[in-house]
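Colleague: Turn these sequences into a full structure, and let the hints steer you where they fit.
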Amino acid sequence: MHKRGWSKIGTLGAVLALMTLAACDNPAEDAAVPPASGAALGAGEGPPPIPVMGPERRILAFGDSLFAGYGLDPAQSYPAQLEAALRAKGVNARIANAGVSGDTTAAGLQRLAFTLDAQNEKPDLFILELGGNDLLRGLSPTETKANLDKMIDELKARDIPVLLMGMRAPPNYGPEYQAQFDGLYRELAKSHRVELIPFWLEDIYREPELFQNDKIHPTAEGIDRLVASTIEQVEGALPQPAES
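Positions -22 to -1, 1 to 222 (mature numbering (1 follows the signal peptide of the UniProt record, and there is no 0)) are the ones given, in order, by the sequence shown.
These are calculated hints, taken from the structure and not from any lab test. The structure displayed is predicted, hence computed values, not measured ones. Treat the hints with care, as some may be off.
Claimed, not checked - What follows is a list of derived Cβ distance ranges for each label pair:
1) PRO27 / GLY116: 43 to 49 Å
2) ASP131 / ALA157: 48 to 54 Å
3) LYS128 / ALA206: 28 to 34 Å
4) GLU34 / GLY152: 44 to 50 Å
As the list claims (entries may be wrong) - Below, a list of computed lysine-lysine pairs in the BS3-like style, where the Cα atoms sit at most 25 Å apart:
5) LYS100 / LYS67
6) LYS168 / LYS100
7) LYS128 / LYS168
8) LYS100 / LYS134
9) LYS134 / LYS168
By construction, the Cβ of each residue, glycine as well, lies at the ideal position given by its N, Cα and C atoms.
Modeller: In structure tokens form, the structure reads like this:
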């Protein structure tokens, strides 16, 4: 796969690669929601970490194999590395990884209440990353949007702030499908007034060397890049801790 974004050969590679999301469907391996603590920062680069301060900030990362860390050690997953990066900035973050490989938005909706009820304490922030498997299966963007809408409604009813991680459809799905799919994340963020990262793979999707052989799941280096490119939005989405 050459550096051509979604065009020509890149489009075909991206679409074929998306199909591996469903092939990785093994919820038994990913259904647990362990804290992501203990993850090491990559390569030991950058300034010394700032001492962790303030109350613990609980984040629940809810998604598919891109969050589950398919093909990586658990400590290399996006939630684990995000936690480590936040703590290096002095944020007392604890992230529970609720990524399940192969999950569609319908599957996510089914397990949402159970996952929330299983938490010892209410999350300070819920990161919602689903839709890629709907895309590869050619599901209607209307259905995807409806499922995400219901999930956000449930989270709002529980007074849990949401950060929505958007995805994009490749152009060979057709302009109408692409416009509907790409637009649903913006529409949901606007209607629910939740924070949005429009396309959270933006920083790496043109660089095939940052993906595993399937060309859809990031390598450990790719995860590091994603953390670096999204950490400011995540930190900004965290509500200020209540004054004691």
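Colleague: Evaluate each hint against the coordinates.
Modeller: Verification of the supplied hints:
For PRO27 and GLY116, the hinted distance range of 43 to 49 Å is satisfied, since their beta carbons lie about 45 Å from each other. About 24 Å separates the C-beta atoms of ASP131 and ALA157, a value inconsistent with the hinted range of 48 to 54 Å. With their beta carbons about 32 Å apart, LYS128 and ALA206 fall inside the hinted range of 28 to 34 Å. For the hinted restraint 44 to 50 Å between GLU34 and GLY152, the CB-CB distance of approximately 46 Å keeps it satisfied.
Straight-line distance between C-alpha atoms of LYS100 and LYS67 comes to about 23 Å, which keeps the hinted pair within the 25 Å bound. At roughly 24 Å between alpha-carbon atoms, LYS168 and LYS100 fall within 25 Å of each other, so this suggested pair holds. The hinted pair formed by LYS128 and LYS168 meets the criterion: a straight-line CA distance of about 15 Å does not exceed 25 Å. Distance hint between LYS100 and LYS134 is fulfilled; the C-alpha atoms sit about 12 Å from each other, no more than 25 Å.
For the given pair, LYS134 sits about 14 Å from LYS168 by alpha-carbon distance, which is consistent with the 25 Å threshold.
Checked against the numbered hints given earlier, the structure breaks only hint 2 and satisfies all the rest.
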